[in-house]
Amino acid sequence: MQALARFVDARRLFLAGAIGLTLWLGATFLWHVTYRQGLTLAVILFLDQDFPALLIGLLLLALAAPFAEGRGFALRTPRARIIVPLILLFALVAWAGHYALFQDYAISRDEEVARFAAAYMREGLFARPIPPEWEPYRRAIMPEFFSPFGAADYWTAAYLPVNSAIQALFWRLGDPNLAGPALFAIGLIALWRVALHLFPERPDAVWVTMLLGLSSAQLFVTAMTPYAMTGHFALNMVWLALVLRGGVVGHLAAGAVAIVAAGLHQWHFPPIFIAPFILWMLLARRWTAAAFHALTLVAIVVVWAKLWPGFLVHMLGPPSDVRPSAGVADKVGSLFQRLGDRWQPLVNLSRFIAWNDIVMVPLAALGIAAMRWREAIRGREIALPLALGCVAGCALALAQGYGWGFRYAHGFIGPFCLLAGLGWVRFRPAGAMRPVLLAIGITAVMGGYLIWRTHAFVEPYAASHRMIDASRADVVLVDPRGGLYVTDLVRGRNGVPGKPMVMNLGMLTLEQVDQLCATYVVELFDRAEFRPLGVPLARWNLGRMDTLRAYMKEADCDKPVLPPLPETFDDAMNAAGGVL
Numbered sequence: 001m002q003a004l005a006r007f008v009d010a011r012r013l014f015l016a017g018a019i020g021l022t023l024w025l026g027a028t029f030l031w032h033v034t035y036r037q038g039l040t041l042a043v044i045l046f047l048d049q050d051f052p053a054l055l056i057g058l059l060l061l062a063l064a065a066p067f068a069e070g071r072g073f074a075l076r077t078p079r080a081r082i083i084v085p086l087i088l089l090f091a092l093v094a095w096a097g098h099y100a101l102f103q104d105y106a107i108s109r110d111e112e113v114a115r116f117a118a119a120y121m122r123e124g125l126f127a128r129p130i131p132p133e134w135e136p137y138r139r140a141i142m143p144e145f146f147s148p149f150g151a152a153d154y155w156t157a158a159y160l161p162v163n164s165a166i167q168a169l170f171w172r173l174g175d176p177n178l179a180g181p182a183l184f185a186i187g188l189i190a191l192w193r194v195a196l197h198l199f200p201e202r203p204d205a206v207w208v209t210m211l212l213g214l215s216s217a218q219l220f221v222t223a224m225t226p227y228a229m230t231g232h233f234a235l236n237m238v239w240l241a242l243v244l245r246g247g248v249v250g251h252l253a254a255g256a257v258a259i260v261a262a263g264l265h266q267w268h269f270p271p272i273f274i275a276p277f278i279l280w281m282l283l284a285r286r287w288t289a290a291a292f293h294a295l296t297l298v299a300i301v302v303v304w305a306k307l308w309p310g311f312l313v314h315m316l317g318p319p320s321d322v323r324p325s326a327g328v329a330d331k332v333g334s335l336f337q338r339l340g341d342r343w344q345p346l347v348n349l350s351r352f353i354a355w356n357d358i359v360m361v362p363l364a365a366l367g368i369a370a371m372r373w374r375e376a377i378r379g380r381e382i383a384l385p386l387a388l389g390c391v392a393g394c395a396l397a398l399a400q401g402y403g404w405g406f407r408y409a410h411g412f413i414g415p416f417c418l419l420a421g422l423g424w425v426r427f428r429p430a431g432a433m434r435p436v437l438l439a440i441g442i443t444a445v446m447g448g449y450l451i452w453r454t455h456a457f458v459e460p461y462a463a464s465h466r467m468i469d470a471s472r473a474d475v476v477l478v479d480p481r482g483g484l485y486v487t488d489l490v491r492g493r494n495g496v497p498g499k500p501m502v503m504n505l506g507m508l509t510l511e512q513v514d515q516l517c518a519t520y521v522v523e524l525f526d527r528a529e530f531r532p533l534g535v536p537l538a539r540w541n542l543g544r545m546d547t548l549r550a551y552m553k554e555a556d557c558d559k560p561v562l563p564p565l566p567e568t569f570d571d572a573m574n575a576a577g578g579v580l
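Per our numbering, residue 1 is the first one in the sequence shown, and the count goes up by one each step.
Bear in mind the hints are in silico, worked out from the structure with no lab data behind them.
Careful, some of the hints might be misleading.
[What the hints assert, rightly or not] With beta-carbon atoms standing in for the labels, derived distance ranges:
#1 Arg36 to Gln512: 37 to 43 Å
#2 Arg342 to Glu133: 36 to 42 Å
#3 Ala444 to Asn494: 30 to 36 Å
#4 Ala62 to Trp452: 32 to 38 Å
#5 Thr22 to Gln266: 31 to 37 Å
Beta carbons are placed, not taken as given, at the ideal position from N, Cα and C, and that holds for glycine.
All chains, full assembly: derive it from the sequences and hints.
Shown next as structure tokens:
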């Protein structure tokens, strides 16, 4: 009985999780909805997706609490022949999900810019040359997230190149949308290897770690997208697996992985993950390893904040249009500025909780509670760097815009799962898997709701893009007034600008509009087209755009984009709702 006294009853764990989540959710709603004016995109998505999902989770967690204690189903030893096919199955479903859930559409500008860069890299280019006839309109065609280097003559993504290069590689192999699922699988396999290293005598703890990762809707759904965050999750876990492997080869390979990971899209993400492990090595007096990985962080700054911008200047030309933003001082200053005016931990961490396993955070808290602090300060507790990384990932809760869950903490989902495994080993009897299996059932219900709401949110934007893409005009001008983030519809086809050339009307002058109307066949896409498709309403007005629209009407240059004509009788019947 004394041996069992140290264990935490699963019923208490469920109830504590439900109470803590209730308090957090109430604070989030009061702060962001009741007492704050204006709704950011994160709050809009929170109200539409996460708040109902968390209410469902709360209810089910409370109802399941009386039945949570027990052994549940016995699971076989998590060997490669079981784990690897399971991971590959999830990866294949994620690949199919890009087409079924996201309808082969990347909704955010971040994703579109990554795909845009992958398209020119697939062609062997470092940037896409701007055709001379479109140079006066280059900013209306590429409104955001463009690199300033050579910007008068080239379109280049503002992000670092590795994520796009991985997509370009898979594009050459057949489908760029396989990149995310492949990285998802690599990350989960590395997580499994780390769990085997940490829990060699507790296969149930390995299963807990893996089930929490596999049931993460954030990992699963983000893998369907071109976001770089799946790469951060994967390479963080590969780096940790190599460091735990040890030896010269392990550490050298980890250093190479860190440099590659820093080039995924922004170089400061891997140092936040790695720095706590350097502290851990220093506490353990592993001076050589700590010095090597500290030098790796220096190499990251040199390669991606110094050499890469210099390379772009050499290849493309000096900055123009906007100031460069790749410098170290600029990056650090921008981070502190955003912490001052865009720090939103309540809503962002609520989204993180909603999109991951319902017991991941409570079990991770047990993992921190299980830490032996005297051993930790001697560098003998891996829970210390894992916990410090998770705290840092959650503390830097900057406004993210789009994201399925909280993507800035994406690279720390693996550490959360590992902390949960450590808590399981310390506070749960071996093989008593019922609470985790119940939690997976609850999480599956929540995840199903989140996936449904995600599809409903993306669908009108995907339909709008298809409608624009089907236009036979030379130019389509998007008037974004009246729609939420409609400017993100300004994009090419598969990352390549072309016919129709899509532009943001709000970034054109009267003279440019006059020239376009006189030279090209121009169509207009505005609220009359995108509102019936279901794009969320956003009320804002710009008087200057009223002037542009009035001029276009007078010049008979405001013809709307029309849906393509049906090609077959069946298409006509479907378009008519079967009433013909």
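(request) Mind listing which of the numbered hints don't hold for this structure, in increasing order? (result) 4
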